[in-house]
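Participant: Got chain Z; can you put chain X on it based on the hints?
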Amino acid sequence: MAKIIVVTSGKGGVGKTTTSASFATGLALRGFKTVVIDFDVGLRNLDLIMGCERRVVYDFVNVINGEAALNQALIKDKRVETLYVLPASQTRDKDALEQSGVERVLDELRQSFDYIICDSPAGIERGAMMAMYFADEALVTTNPEVSSVRDSDRILGILASKSRRAVQAEEPVKEHLVLTRYAPERVERGDMLSVDDVMEILAIPLLGVIPESSAVLQSSNSGVPVILEETTDAGSAYADLVARFLGEERPHRFLTTEKKGFFKRLFGN
Amino acid sequence: MTSDRTLEAPFELKGSLFTLTVLRLHESDLAAIGAALDAKVAQAPGLFVHHPVVIDLDDLPVAAPPPDFAQLAAMLRQHGMVPVGVRHGSEAASSAAVAAGLALLPESRPAMRRSDVRDEESGVAAAEVLPATVQPTAVAHNRIIATQVRSGQQIYAADGDLTVLGAVSAGAEVLADGSIHVYGSLKGKALAGVKGNTAARIFCHGLEAELVSVAGRYRTIEKGDSEWEQAVQIYLAGENLIIEPLVLETSGHRKL
Numbered sequence: 001m002a003k004i005i006v007v008t009s010g011k012g013g014v015g016k017t018t019t020s021a022s023f024a025t026g027l028a029l030r031g032f033k034t035v036v037i038d039f040d041v042g043l044r045n046l047d048l049i050m051g052c053e054r055r056v057v058y059d060f061v062n063v064i065n066g067e068a069a070l071n072q073a074l075i076k077d078k079r080v081e082t083l084y085v086l087p088a089s090q091t092r093d094k095d096a097l098e099q100s101g102v103e104r105v106l107d108e109l110r111q112s113f114d115y116i117i118c119d120s121p122a123g124i125e126r127g128a129m130m131a132m133y134f135a136d137e138a139l140v141t142t143n144p145e146v147s148s149v150r151d152s153d154r155i156l157g158i159l160a161s162k163s164r165r166a167v168q169a170e171e172p173v174k175e176h177l178v179l180t181r182y183a184p185e186r187v188e189r190g191d192m193l194s195v196d197d198v199m200e201i202l203a204i205p206l207l208g209v210i211p212e213s214s215a216v217l218q219s220s221n222s223g224v225p226v227i228l229e230e231t232t233d234a235g236s237a238y239a240d241l242v243a244r245f246l247g248e249e250r251p252h253r254f255l256t257t258e259k260k261g262f263f264k265r266l267f268g269n
Numbered sequence: 001m002t003s004d005r006t007l008e009a010p011f012e013l014k015g016s017l018f019t020l021t022v023l024r025l026h027e028s029d030l031a032a033i034g035a036a037l038d039a040k041v042a043q044a045p046g047l048f049v050h051h052p053v054v055i056d057l058d059d060l061p062v063a064a065p066p067p068d069f070a071q072l073a074a075m076l077r078q079h080g081m082v083p084v085g086v087r088h089g090s091e092a093a094s095s096a097a098v099a100a101g102l103a104l105l106p107e108s109r110p111a112m113r114r115s116d117v118r119d120e121e122s123g124v125a126a127a128e129v130l131p132a133t134v135q136p137t138a139v140a141h142n143r144i145i146a147t148q149v150r151s152g153q154q155i156y157a158a159d160g161d162l163t164v165l166g167a168v169s170a171g172a173e174v175l176a177d178g179s180i181h182v183y184g185s186l187k188g189k190a191l192a193g194v195k196g197n198t199a200a201r202i203f204c205h206g207l208e209a210e211l212v213s214v215a216g217r218y219r220t221i222e223k224g225d226s227e228w229e230q231a232v233q234i235y236l237a238g239e240n241l242i243i244e245p246l247v248l249e250t251s252g253h254r255k256l
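Quick note, the sequences are listed as chains Z and X, same order.
Our numbering applies: residue 1 is where the first sequence begins, and numbers increase by one.
Our numbering applies: residue 1 is where the second sequence begins, and numbers increase by one.
Bound-form chain X, shown alone:
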């Protein structure tokens, strides 16, 4: 194995993740911003010393002109903060920020942008959706658990299917990016397609689950439901979570 990394190199470039404070501007009037900064810093002097901040323009009214970035940066430094960059600016604002020596930071994920959320009507089913990112993952790393999954245990098959040969006890949780198969009775929680794979399914021999979920759509099961203790498969049809008995119609000689 060869490596282009040598110890003699004067430096190494690596990507890394940081949590930064975001300063969301509601207006571009520097006098008003300055007064508000004075008040904020007075509340907690020392808290913002050498504190890196990102200027977010997402909340600025569309018609408002971008602030004077050179003056804004100087003002932030006076208050002890270190401005590192700008995001969510218009084209003109972005080039003005670059001219003032600030970095351009990537946009946050579309769903995170407040301006979009504001326009969107909140769906009725929103409360029934667990947070899940939307990209389906390639199913490759399958996991097999040969024993029982006990109360309090949590088993997760990342990037693949999960097969449990024993039972999943009440109070246990099984999760997979792909599908879940349980050969014992399923009494705990089963969450398939946790990263948003809507084609994921749950299969089990005896459904007594506390909760089943596919790609964030979930349902609780009660004793006395028609599917109780039945062999079923659970999948998504559009927005609906379908629980369907497993019936082998092809085997003519088999009586169920």
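If we strip away everything but chain Z, and leave its shape as in the complex, we get:
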């Protein structure tokens, strides 16, 4: 049975789409048949991050409205065999995400996929609610600063009260914390909340810490999920995250400042 996983945050710009793209790619690299769906109707970005923006013909809303078959809208990734993207419509708005239609599409995807990753838009309105509603598990993406943490807290409250699992009194949505844009040197200076601060407020298990990294921006601009840039810090942090999600033990990295060696101090990075 396929698992539906929502990548959500409440606040915008914290790294939901980056996380969705790398998480989905990471699961596909492990051989799982994975689809990542863009729920940000009207402000679609996932296709850019995944580097398939030139291949969008039909989209999620077309499938919901019955204007296209699901396999016409699914875009097969050119790099990873078992990875597919279902892009959002750029010309419509979130009202197009009608619940029974979303459910029908997800049910159809469940037939053939192992993992369905829902990339949520920011906010707590219709698009975000639809992305969350059918989820079995949630990656709550948070930056180490107070407004992002409070918004994530709000999202956790909604997952616990308004998701399908909550409404139908099933086992609750399994929650994972993904702390992104983490900069240990700024934590040490007291500019940023530490992992422990965030954990104390949100009180959910930590799945991964992604360091603030120039690699994220570079890979986004070139349409490559950063997890495919294996040598970068953010890429390897996402690889660890996927491994932990699949039950492997991996120590958390990038939590402390790198001790700069003599040559590094001399010549910089």
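Worth flagging that the hints you see were computed from the coordinates, not collected in a lab.
Where a beta carbon is used, it is the ideal one built from N, C-alpha and C, also for glycine.
Over the 12 Å line for every Cβ pair with chain X, so calculated as not near, a few chain Z residues: (1) Val56; (2) Phe113; (3) Ala183; (4) Val224; (5) Ser236; (6) Ala243; (7) Arg253.
Covered, in the sense of this in silico footprint (three residues per stretch, anywhere, with C-beta under 8 Å from a C-beta of chain Z), are these stretches of chain X: (8) 150-164; (9) 168-176.
Facilitator: Positioned in the frame of chain Z, the structure of chain X alone reads:
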């Protein structure tokens, strides 16, 4: 189970609540009232057609005689309204209203009567009091929340105490008719005794609340206050909201 309600009964009597328009009389001169009614109805013709109204005599000067209810009722009907009853009348006015075929409606709650409010001096602390009815409720239905209360969530224990085992996040609200106990840190709002139970208390392990209230008396807490992050109980002593550290004095071997 037996029921005396049978489907064969020609009718059933049930209580129900309605919102009615109240016509507050400032004087009993029918000519003046008639002129004012003409003007009012002309502003919105059709608005008052078949509109039930209650005649309120609370604003009538004590010395003024009650209006002629039969004529007043006829005048209201002419304007499309349906007079249903009278309230806040003197004994004489009430019996005159009954004689004219009008119902007597119960008085509104004492605090709602304008004539009383007018006499009352407004208390200095009035701005600090949240609206609350005065009857304390019997504490019976306790509620336990085993998880964290998240930002944006509101949990209310009606007729009882509320116990939260996790934290109450900033932006969350916990309310109870009785007392509130929070075993995690209390960062949101906590309102105990919301129906006026002045004996209700708030207990918490780490006070970082945005606001605490007992029976309508409230206080905000600032970072840097002496109670910040302390284990405290909060209760009412007279009009004052007391925040007091929880110290276990009886356990001699325990060091705090």
